[in-house]
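There are 2 protein chains.
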Amino acid sequence: MERPRVVILGAGFGGLMAAKSLSRANVRVTLIDRQNYHLFQPLLYQVATATLSPADIAVPIRSILRDQANADVILGSVVAVDRIGRTVTLDDGRSLPYDYLIVATGARHAYFGHDDWEPVAPGLKKIDDATEIRRRILLAFEKAEAATDENERKALLTFVIIGGGPTGVEMAGAISELANKALMRDFRRIDPASARVILIEAGPRLLPAFPEQLSATTKSSLEKMGVEVRLGAAATRCTRDGVERGGEWIAARTIVWAAGVEASPAAKWLGLEGDRAGRVAVGPDLTLAGDPRVFVIGDTAAVAWRDGKLVPGIAPAAKQMGIYAARAIEATIAGKSVKPFRYSHQGNLATIGRRSAVIDFGRIRMTGPIAWLVWGAAHIFFLIGFRNRIMVMLHWMWAYVTFRQGVRLITGSTSLP
Amino acid sequence: MERPRVVILGAGFGGLMAAKSLSRANVRVTLIDRQNYHLFQPLLYQVATATLSPADIAVPIRSILRDQANADVILGSVVAVDRIGRTVTLDDGRSLPYDYLIVATGARHAYFGHDDWEPVAPGLKKIDDATEIRRRILLAFEKAEAATDENERKALLTFVIIGGGPTGVEMAGAISELANKALMRDFRRIDPASARVILIEAGPRLLPAFPEQLSATTKSSLEKMGVEVRLGAAATRCTRDGVERGGEWIAARTIVWAAGVEASPAAKWLGLEGDRAGRVAVGPDLTLAGDPRVFVIGDTAAVAWRDGKLVPGIAPAAKQMGIYAARAIEATIAGKSVKPFRYSHQGNLATIGRRSAVIDFGRIRMTGPIAWLVWGAAHIFFLIGFRNRIMVMLHWMWAYVTFRQGVRLITGSTSLP
Numbered sequence: 457m458e459r460p461r462v463v464i465l466g467a468g469f470g471g472l473m474a475a476k477s478l479s480r481a482n483v484r485v486t487l488i489d490r491q492n493y494h495l496f497q498p499l500l501y502q503v504a505t506a507t508l509s510p511a512d513i514a515v516p517i518r519s520i521l522r523d524q525a526n527a528d529v530i531l532g533s534v535v536a537v538d539r540i541g542r543t544v545t546l547d548d549g550r551s552l553p554y555d556y557l558i559v560a561t562g563a564r565h566a567y568f569g570h571d572d573w574e575p576v577a578p579g580l581k582k583i584d585d586a587t588e589i590r591r592r593i594l595l596a597f598e599k600a601e602a603a604t605d606e607n608e609r610k611a612l613l614t615f616v617i618i619g620g621g622p623t624g625v626e627m628a629g630a631i632s633e634l635a636n637k638a639l640m641r642d643f644r645r646i647d648p649a650s651a652r653v654i655l656i657e658a659g660p661r662l663l664p665a666f667p668e669q670l671s672a673t674t675k676s677s678l679e680k681m682g683v684e685v686r687l688g689a690a691a692t693r694c695t696r697d698g699v700e701r702g703g704e705w706i707a708a709r710t711i712v713w714a715a716g717v718e719a720s721p722a723a724k725w726l727g728l729e730g731d732r733a734g735r736v737a738v739g740p741d742l743t744l745a746g747d748p749r750v751f752v753i754g755d756t757a758a759v760a761w762r763d764g765k766l767v768p769g770i771a772p773a774a775k776q777m778g779i780y781a782a783r784a785i786e787a788t789i790a791g792k793s794v795k796p797f798r799y800s801h802q803g804n805l806a807t808i809g810r811r812s813a814v815i816d817f818g819r820i821r822m823t824g825p826i827a828w829l830v831w832g833a834a835h836i837f838f839l840i841g842f843r844n845r846i847m848v849m850l851h852w853m854w855a856y857v858t859f860r861q862g863v864r865l866i867t868g869s870t871s872l873p
Numbered sequence: 457m458e459r460p461r462v463v464i465l466g467a468g469f470g471g472l473m474a475a476k477s478l479s480r481a482n483v484r485v486t487l488i489d490r491q492n493y494h495l496f497q498p499l500l501y502q503v504a505t506a507t508l509s510p511a512d513i514a515v516p517i518r519s520i521l522r523d524q525a526n527a528d529v530i531l532g533s534v535v536a537v538d539r540i541g542r543t544v545t546l547d548d549g550r551s552l553p554y555d556y557l558i559v560a561t562g563a564r565h566a567y568f569g570h571d572d573w574e575p576v577a578p579g580l581k582k583i584d585d586a587t588e589i590r591r592r593i594l595l596a597f598e599k600a601e602a603a604t605d606e607n608e609r610k611a612l613l614t615f616v617i618i619g620g621g622p623t624g625v626e627m628a629g630a631i632s633e634l635a636n637k638a639l640m641r642d643f644r645r646i647d648p649a650s651a652r653v654i655l656i657e658a659g660p661r662l663l664p665a666f667p668e669q670l671s672a673t674t675k676s677s678l679e680k681m682g683v684e685v686r687l688g689a690a691a692t693r694c695t696r697d698g699v700e701r702g703g704e705w706i707a708a709r710t711i712v713w714a715a716g717v718e719a720s721p722a723a724k725w726l727g728l729e730g731d732r733a734g735r736v737a738v739g740p741d742l743t744l745a746g747d748p749r750v751f752v753i754g755d756t757a758a759v760a761w762r763d764g765k766l767v768p769g770i771a772p773a774a775k776q777m778g779i780y781a782a783r784a785i786e787a788t789i790a791g792k793s794v795k796p797f798r799y800s801h802q803g804n805l806a807t808i809g810r811r812s813a814v815i816d817f818g819r820i821r822m823t824g825p826i827a828w829l830v831w832g833a834a835h836i837f838f839l840i841g842f843r844n845r846i847m848v849m850l851h852w853m854w855a856y857v858t859f860r861q862g863v864r865l866i867t868g869s870t871s872l873p
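These protein sequence lines map, in sequence, to chains A and B. Following my numbering, the numbering of the first sequence begins with 457 at its first residue and continues without gaps. Following my numbering, the numbering of the second sequence begins with 457 at its first residue and continues without gaps.
Fair warning: there could be bad hints in the mix.
Any copy, or any two copies together, can satisfy a pair, since identical chains are not distinguished.
To be verified - Only pairs whose alpha carbons sit at most 27 Å apart, straight line, appear in this in silico DSSO-like list of lysine-lysine:
1. Lys795 x Lys582
2. Lys476 x Lys637
3. Lys581 x Lys792
4. Lys792 x Lys599
5. Lys599 x Lys637
6. Lys476 x Lys599
7. Lys610 x Lys724
8. Lys680 x Lys582
Calculated directly from the structure, the hints in this document are not laboratory data.
Construct all of the structure, not just a fragment, from the sequences and the given hints.
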């Protein structure tokens, strides 16, 4: 009898963990991703703000799975899933049969009906997004140094981040430090420290997934660093010249979008309706209703949790679902029954600049330098690849000791949009 | 009296060295470059072959000169030089007056009348070139893994390097190692070691600037690594499907151009005729005939050396000219006379893969592992920035010990041209 074929779509935290968890199972695993690398997304903002290089947080998928004999890696994009014939079709026309399918294609940033904002307010999900945002931030300082018009110079030195979740908070802190520390003596005409960093959040507080007290600490920490935090009103207009919010016009040439994500088009491939954020509803065993061969996990899945909330779209949740799906497939093949998925929430972390972080481990809550050390240790620990851990640690130590960020390269075009 | 203005075009080895050498001079220095970083070009092939990240060999120019109070850095492209009015015009319309001008804009790859070859056979001069070549090499292996047609697979696994100078030799060695070592167990359908690496040189031997004996050693070292060396006939056609050479058609989907360079368009800006390779002829004091305020240095200049030859287009020569131009300007301002430039040739180095190099220091000639260590030490020593030295050493040690190359990221598009 042929071994069952498990096809996994997406090599993010969920998909990769599913593949690795099947290493000893008597199945053939095919892992498909649009990129040739697994990306450690939680540190992507440090690529966008010139502390890390792309290679520090990205590892070739083939190299992770090179010794897993039952796993095969394919670079390709999914265009369709045939759930009756049980095949996946790729963009190069290839059709791959599956016995079990794990959909783990993640999320992308969403503009909630304002797709025209994307060119002026890029989001941060992929490596190319990060190098593009890095390019825009660094170019804004260069153009400000060259500007002769005072208003133009001010707009070039104004950086608006839309969205007060972890990514928005981390970007605001990092841009503020870049301006105040790393670039300090680099320019002759402008003072980089005069740059304004404005963080806009539509809701009443930053980090809505954290306890209120930590939101307040985060706000005051950012304000101490010079970040202007604007709560309680959403951006109503974004153009290449600035952002409108609550009737106020903020002239700014650099806008970063961190306000929301929507699931990848998995619902469409599966012939289903997604929820408002495009997520696919799954049962307690993470499979589709009436189709126990198809698992949907990670940011793509809408999984009930507690108090009417869904399991959050964070890396540990995706990994747990990946492990669960692998175990469930093994059990099913062995003819055993499968217990429902149970999400174990470890906590929330976010960093604010180079010396502070907020941590919510339920009973344990921390802010300040100790929290920052815990945050750093956790991220180093979960980085894949010994090499990457060493490199990231060295880059951080270097940036910490010298206040410099080493990766201040403007690659690609040297004109602003 | 206002301090004289020295405008330097280009922050390569020559221009940067000129700027630094003027640090204590009573002048105002303006250094203009199209990029915001100084690039250590001798190691660019290691970015193209996935050993180093761009940030390892590139340092922001502002950060190099941040403490040099008399120096100002401008990100911009030159479009014209007015030698009568003594101004330089930039692409953003700015016009900069100069008292002394140092033109150090380097060279770019040249296709000698075959500009249509550029899209299929990219050269290696800039960071974006290197990440593009890296993308093509890695994608070729991915596409070969997916290919169903045997001829297509063979063409995808054939890598042609055109040009047998140091860059061509280094690229051929590095691609061969990537295929034979780093990718060894990464694929399931193809054997990366079955890849063919073909190095084409129109002349009778590799490394024509080296003694004949070292050329022969280089050829046999490359052949031992599995590289096919084809001498004595130039490529006559390059398409996306392959290369024609001496009547033979080589089906190949990846072609790298290392066959020649021409000077940047400095001759045009200066209103002069360049030589065949676009270089500007200068006198023994590196200035233009009849215009002692304009220096041309580095790869842009045609400077007589010995035996009717020109000073070679290598980093040490550019640096020596940069120092000379700075000293000459200081002497001229002080009303002193200026001795002619004298090039001091230290030697030639090239590496062949991870354990061998060829070195020609005139009386001392070396090949093999010791030469490789000398090559590595020299390159680490001349890298700018303490951080970069450490990082490059660590990446090399990692690659050496594990046989892996860490930067195997396909960024940008995932389709081949």
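Hints, one by one, checked against the model:
no.: 1; hint: Lys795 x Lys582; verdict: neither (35 Å within a copy, 56 Å between copies)
no.: 2; hint: Lys476 x Lys637; verdict: between (41 Å within a copy, 24 Å between copies)
no.: 3; hint: Lys581 x Lys792; verdict: neither (38 Å within a copy, 60 Å between copies)
no.: 4; hint: Lys792 x Lys599; verdict: neither (64 Å within a copy, 40 Å between copies)
no.: 5; hint: Lys599 x Lys637; verdict: within (19 Å within a copy, 45 Å between copies)
no.: 6; hint: Lys476 x Lys599; verdict: between (47 Å within a copy, 24 Å between copies)
no.: 7; hint: Lys610 x Lys724; verdict: neither (44 Å within a copy, 37 Å between copies)
no.: 8; hint: Lys680 x Lys582; verdict: neither (30 Å within a copy, 41 Å between copies)
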